[in-house]
Structure formats: C-alpha cells, structure tokens
Amino acid sequence: MGLSSLSLTERDSRAMLEAIGVASVDELFADIPEALRLDRPLALEPALSEPELVAHLEELASRNVHTGAELSFLGAGMYDHYVPAVVDAILARGEFLTAYTPYQPELSQGVLQAIFEYQTAICELTGMDVSNASGYDGTAVAADACYVAKHVTGLSKVVVTEATSPQVRQVVKTYAPGFGLEVVEVPHRGGATDPDELRAAAEGAACAIFQQPNAFGCLEPAPQLAAAANDAGALAIAHVDPVSLGVLEAPGRYGCALAIGEGQGAGNALSYGGPHYGFLAAKAEYTRRLPGRIIGETTDASGARGYVLTLQTREQHIRREKATSNITTNQTLLAIAGLVHLSWLGPQGLREVGETCMALSAYAKERLTERGLDLVFPEQATFKEFAVSVGRSGREAIRAARRQGVHPGYALGRDYPGLEEALLVAVTEKRTPADIDRLAEVLGG
Amino acid sequence: MKLVYEKSQPGRRASSLPRYDLPAAEVPEELRRAEAPRLPELAEPELVRHFTELSTRTFGIDTGFYPLGSCTMKHNPRVNERVVALPGFRDLHPHQEEEASQGALELMWRLQGILAEIAGLEAVSLQPAAGSQGELTGLMLMRAYFADRGEERDTVITADTAHGTNPASVTMAGYRLQKVETDVRGNLDLDDLRVKVNERTAGLMLTNPSTLGLFDEHIAEVAGIFHAAGALLYYDGANLNAVCGISRPGDMGFEIVHFNLHKTFSQPHGGGGPGGGPVAVRASLEPYLPVPAVVREGETFRLDYDRPRSIGKVRGFCGPFGVFVRAYAYIRSYGPDLRRMSETAVLNANYLLARLREAYELPFDRLCMHEFVLSARGLKREHGVSALDVAKRLMDYGFHPPTIYFPLVVPEALMIEPTETETKETLDAFVEAMLAIAREAAEQPALLKEAPHGRPVGRLDEVKAARRAIVRFGFEQHPDLSQESGEPRSLEAQKGA
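The listed protein sequences correspond, in order, to chains A and B. At position 322 of the first sequence (counting the first as 1) the number is 321 in numbering that gives the first Met the number 0, and the numbers step up by one without a gap. At position 272 of the second sequence (counting the first as 1) the number is 271 in numbering that gives the first Met the number 0, and the numbers step up by one without a gap.
None of the hints are false.
As a list, the in silico DSSO-like pairs of lysine-lysine whose alpha-carbon atoms are at most 27 angstroms apart:
| no. | chain 1 | residue 1 | chain 2 | residue 2 |
| --- | --- | --- | --- | --- |
| 1 | A | 282 | A | 156 |
| 2 | B | 379 | B | 448 |
| 3 | A | 172 | A | 282 |
| 4 | B | 1 | A | 282 |
| 5 | B | 195 | B | 178 |
| 6 | A | 321 | B | 195 |
| 7 | A | 321 | B | 178 |
| 8 | A | 364 | A | 429 |
| 9 | A | 282 | A | 321 |
Calculated directly from the structure, the hints in this document are not laboratory data.
Given these sequences and hints, build the entire structure.
Quick look at the structure:
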C-alpha cells in the first residue's frame, strides 16, 4: 500500500490546486510558521512494497514462539481457548471492520443490533440488567467500576482482594490518584479470601472487588464475599471469567452490584495481550452512572424497531467535564467476536467447555501430584487453572521445560513473594489428556 | 429484522467440542450455576446468515465515502489484516518468555522509534488502549512530573473547540478545568490565555490543527506562555493526519503527544474500536511512562519493569499489540513518503472546501488542513433545514454524513474530513450531492426533513430510547415499543471523536 493507496493523478492534483487557487501543495501549509516546519524528510526506513512488507513481518513473527509451536499451559489472565472459524469469517466482513462508532443509526443498524445482542449476552452470563458496549480490557473496566462506585456512594475507599489479578490491581492503583481514591488490599488465606476480613476492610468503602476464579485459579466463596461487602455497605463487584459462567453462578444472582471481566477467552486470539475487550455490567439502578457507549431499542415514525446510541447524556461528547467517563473508541469489533463465539457455543456449548476445562485440569492435578509435585492450595476447588509447586524456582522450571517443547505455566513468584516455586498451570479445552501426560513427564522429571 | 435470540430454538447449536473420557469434576454446590444463560441456539448456517445480514446493514469505508470529521476514515489496507493474522503474532501469549517473543518486542521497539521521530520527541509508551486513555495517561504523567518537583498545580486548560474527551479526561485525572476561547481567526485567544495561565496551571491540552481544521498560527507564542509559567503542553493527536512529516508536535513546543493509531495509521475502526493511543514524551517525562518499557540491549529486546518513578499501568500487558502490528506495517509501507499521506489529505480537504464554500457558510475564511467545518446556519435561517437534515439527506446520495453539531463553537456545524485515500471522482460526486442538497433545501425542504429514504429504518426516536432505556433483549418480557405513538425526536448531538 503506502503511496499506492493514494489515487490522485498529476492531472487531478493540478486541477484541484487550480480550483483552490494556489500554485502548489506547499502553499496549503502557509499557516504553519516556517520555523516549525520539518526541513528534512522523516528519518524512517525506506518504503516496503507489499511482498517485501509481508516478508519482513513474517521474519519478525517467526521469532515468536506461539501456542501452535509449543505445548502451552500459560494462562494468568489470557487463555488459549478455541476460537471458531465463524468468528474469523464474520470479522472479515468489511462493513463491520471498517465502520466507526454508529453515530448515524440509519446507516448502522447492523452494528447497533450486534452490540445490543452483545449487551444481552453479557447480561445473561453475569445475571445483570445492563451492560455497556465494551471497555478497553479486563484491567481498565476495574478502574471504570471504581469510578462508578465512587459516584454512587460518595465514598473514596476501594477494596480489592490480593487474589485479584496483579495487573487489575496495578491499573486500579494507577487510576486512583486522579479519581481521588484510596486502595486497600485484602490478603488471601491459603489461596482464597476470608469473608470476615473482606467485611472489615469494606467498612466505609465504595466497593469491594474480588475475582472469581481468582488469580491462583481458586474458587472464592463468592456469595459470602458479596454478602460481606453488602453488609459493610460497599458495592460488591465480581471480576469474572466469561468462559466459566456456563458452570459457575452468575454474580447478579449472589448480590453483586457490578460484574466486570476480561473478554479475551470468548472470541479473541491471544495476540500478545491485545486488542481484546473488557466487559462491564450492572444492576439496573446503576444504569445512568455507567461509563461508555450503551445501545438502546426504540422505533421510527412508522413504529419499526431500531437501535441507537442511548443515555448519551452520561457521555463526554455531551457532558464533557461532568461525564461518567472519557471513553470514546471502545472495543466493538472484539466484542462482536465475543458475541459470535458465544452464539456458536450456545448455552450447552458454554457449559461443555467449562466442564471439559474442569475435567482436564482435575486430571492434570492428579497426574502432577502422582509425579510427586505438590499443589500449592490443595484445599481449594479450582476451575481451569491451578497452582503447583515445582520444588525449585518457577522461572528455572519454565526454562527447562521449554527446552523440551512445553511451556508449563506462569511463574507466580513474579507477583507473589513467597510463591517463587509455584507455577500457575492453565488447561483449556484445546489441551488433551495426552498433552497433560507430557506436562507431567516434563515437570515431574 | 429479528434479533439472534428471536431466531433461537432449544436444542440447536453450531458448536462441536472435544469430549474426553475423564471423570467429571464437580463445582461446589453453592457456586454452581443454577440457571443456564439464555445464549442464542442456532446451527451454523443461520448463525452465518444472521451476522452477514447485520453486516449488510452497516456502512463502512469499504461501502463508500465516509467523511466523518475528526475520525480520519481512510482506507484500511488489507495486507495489514494478513500480517496481523500470522500465527507468530496472533497466537503469541503475552506471558511468553522474552527470548521467545523477540519478534514482537522488536516490532514494538521499532514502532516506538518511528512514533518518536514523527512526534519529534524522545520516548514512547505504546500501552494506552485508545486516544482517550492516551489523554488520561498524559495527564497522569503531568501529575507525576509536578509531584516529583514538589509543585502544586491543579488546573488544566483546554480550548473551547476541544473534543469532549479532553475536559472529561481532565476531571478523571483529578484536575480542575479551565477553558480558553477561540479568536476571530480560529486560533486560541492569546489575550484570554495570558489572563488564565499562572503558577497553578499544570498544562494545556490542544489539538493542532484544531477541530476546526485550522493550524494555530500562534502556536509558538502559546507554548511560550505556558513554558514561562512552568507548565506543560499536551498534544491531542486526533488530527495528526494533517501534519505527518510536515510539522512535528515536539518542534511546536509540546512535551506530551498521544497518537490515534486507528485514525492516522489505519487500524480499522471496527464499528467503534479497537484503537490504540500511544504516548510520546520529552526525555524529562520518560521516567514516569507506564511499565513495562520495551528496551533494546545489544541485539536483544526485553521488557523493563524497573522504573521506580513510573505512574504504573493503564492497561494490561504491553497494550493492544495487534493494533501495533497494523500501524507498523502501514508506516513501513510509506517510509519517509508518509509526508505525501498528509499532503494529499490536506489537498483533498481544501478542494472540497473550495467547491462547497459558496453553498454553505464558512465560519473561518482560511485555507484548512485535513478537515474543515461548514455551517448550515444559512439553510436553517432561510429554509428551516438543519445540519441534521443535510446529514440524513446525504445518505440518500450514498454517502456517510460528516460529523455534525461539533465543534460546539460553530452553530449547525458540518465537519468534513475526506482523508487522502479518495479519488477526485468521489470528491466531485460528494460536492455535487452537497450542492444538490443545498438547492433542495430551498425548493423541496420536506425531502430533507423526511430523509433518509429507503433505509431499513427512518429517523429513530432517541428521546424515547433514553426514556425507556431498553438496553437488552427481555425474552418473554420484551416490551413492544411500536404501539407507543409520537414523532421521533433526536438529541441532535451525534458528534465525532
């Protein structure tokens, strides 16, 4: 592409300059003071033709070891779930790919309806009444949720469990000074959070965020945590894995005010961490405090049903400095991918994926413990991920295993002092019992 | 058309999944899902037809001309979609070991260098997910910078022409907002500015060229006023498509710049996203950039988390990597000729302006940059036809309308950005349509007021949508709004970003 994406011929340019009444393109930039104009070409490498460009990027890509090139048990927030072919097919539709925010509903009913269907799917998964059209990712939606809670309650303390993803906590802490928030963390006890400790910390707090399954893969006593937050007068916010919600209870059913999460596992490739989508859903009473785009149903003059961007008086383009958020561009295409994936699965498929992940990870625990490895939190139930002690530095174990073509998981010691020998092993439906046997062989020595 | 949920039948499914002969693992009863989520139940043929039909009811750049001002709706080269789908990028786990991610790290390191050169600044973080998050990141950097220097500054100044994201970001960053007015030439009002800038001022957020499509002729003086007060300048890169390789924000005096990779560097807009909002800064602000930084050591690349003065993280991992791949590929396809991209964008915009200025009012009589703002005020006064009516009628001619009712300083605004990827024939056809609409406004105003014609829906009742707030399908309880009478009312507030 490059210059070949420009269509003006010499003759076109001459005719256009004449119509404008200038002699050259340079004259069009007369308003830029001479001293501020770049007096040399940009110091960029020479242009590449399309075949050269593809070859260059293939060379770069070849130096990355992707999940198809080694047997990977990496998770810790991003998961190697199967993304069906229909997702690729629908996302390749140029109309979805190259449209922008649907400001003109008559030209955008397709994307508007798709987002309305996405909002419905997220509400169904989470047991909530309203979902926005997507947030940036699973970390940024946590900061968004804190902003909602601050404005709903007028309080400025937020509680986050230590067993919530380290990146989520770090993003909340980064946003906190601007939001005027104080962040308090509740430690885990043996891999899960104690409801009484959460209750004590949540006194006088705007909200309490916990993750289900948590950052160790363990299942939190989520209903008790939500109840503890509610007892203390704080909004209960669950950070959930959408893929788990065919088998795990919906946060809206156990007292949460908001449900948030990372959508990657539903519909998006790993892509070295992005772009993906974050989801944010809430009970109806918080609708008018939510950040981001929301699509609503309405009618035209003939009574025909249609969809529009709605509740826009929350948003920056209307409310400016009093807006509920500054978000404009969101992650619509990735959210539509999520909708297509969830529609492909259906309720039965989603449950089967959850059950398969659980059965495979139970098998993995069994095989690893047979080989003499210890589970880090043996008392806790898990979903698709669990922590295992490898009896030496986790990072060394990863290096050794990778030499045998297996990436055995994430080194928890990177985030949790004291867990230097722990690996977080993620097992998705793409792994097989034979893959797990191989993992046990490599890790068990 | 029916919702996907209305096409569902229990027992249908599109998916086939592996099942292994393993004992089932039970979820503890108190955590077990009681009722299944009512996800769609369709076989694959109907699923594909449903989403294909939705796509045909969506207008993208691939469909036609999309001069949505401030959004830079340029062609999205398809080679970028090919390279982003290479397994080495698409299926790379973000926790992969650094030695097994060298290609990804090198790509990011190279893109950082390219963006620094285009901005005329020293250091780049690719992490922010979109322009708005880039803005917030930039303001967090200001906060950290002044905190380190022990200076208490609580105010950030924005232009009255600014995108709504600027004031919203100011509030989210914990700053007080102050607005500066626009002068008769469309520049910042220097007298107003001199009164407002003082030792409490942390900085300025400015789009240059502005949302009026005008380059601020006094930008050097503006920078001087802020720098004399010890304040910083933040460049909102929404309009960078006008000046790549022509004038650099760093040379204009800005310390912090955000890019919109989805605007300037052709990441497809995806119906609303994803975007990418990298931030470039002067060396004095580099210590505060988000972690991790991508650094080069000899022949290898690694992620540096050891940045004690960093503001932290604004997003997971290194940012929207797939967006980086496309932006990198796009810029490499131009090389130093990137300047031609901006020159052509500015030529196209000025050509449209020259041909439309007689039929519509031009609030600021200057050459424009990559976009310009006209006003339908005259049509409204004389024929009762609004900018919204003009926009809707354009659809009948096969064009996506421009951004309307923004910037706020121009009544009945029509903000037009053709971009560099259009042919003269397309620009001429658009001009003919706009001129025809101006004539129709005088002769048959009802034709505009009833537009668009022949779309799947007519003008929708936005007031009803906001009042009823039906924001999800209600299954058996889903209300029927069609019986509620009343003329559709619009918020007249669709604005570009």
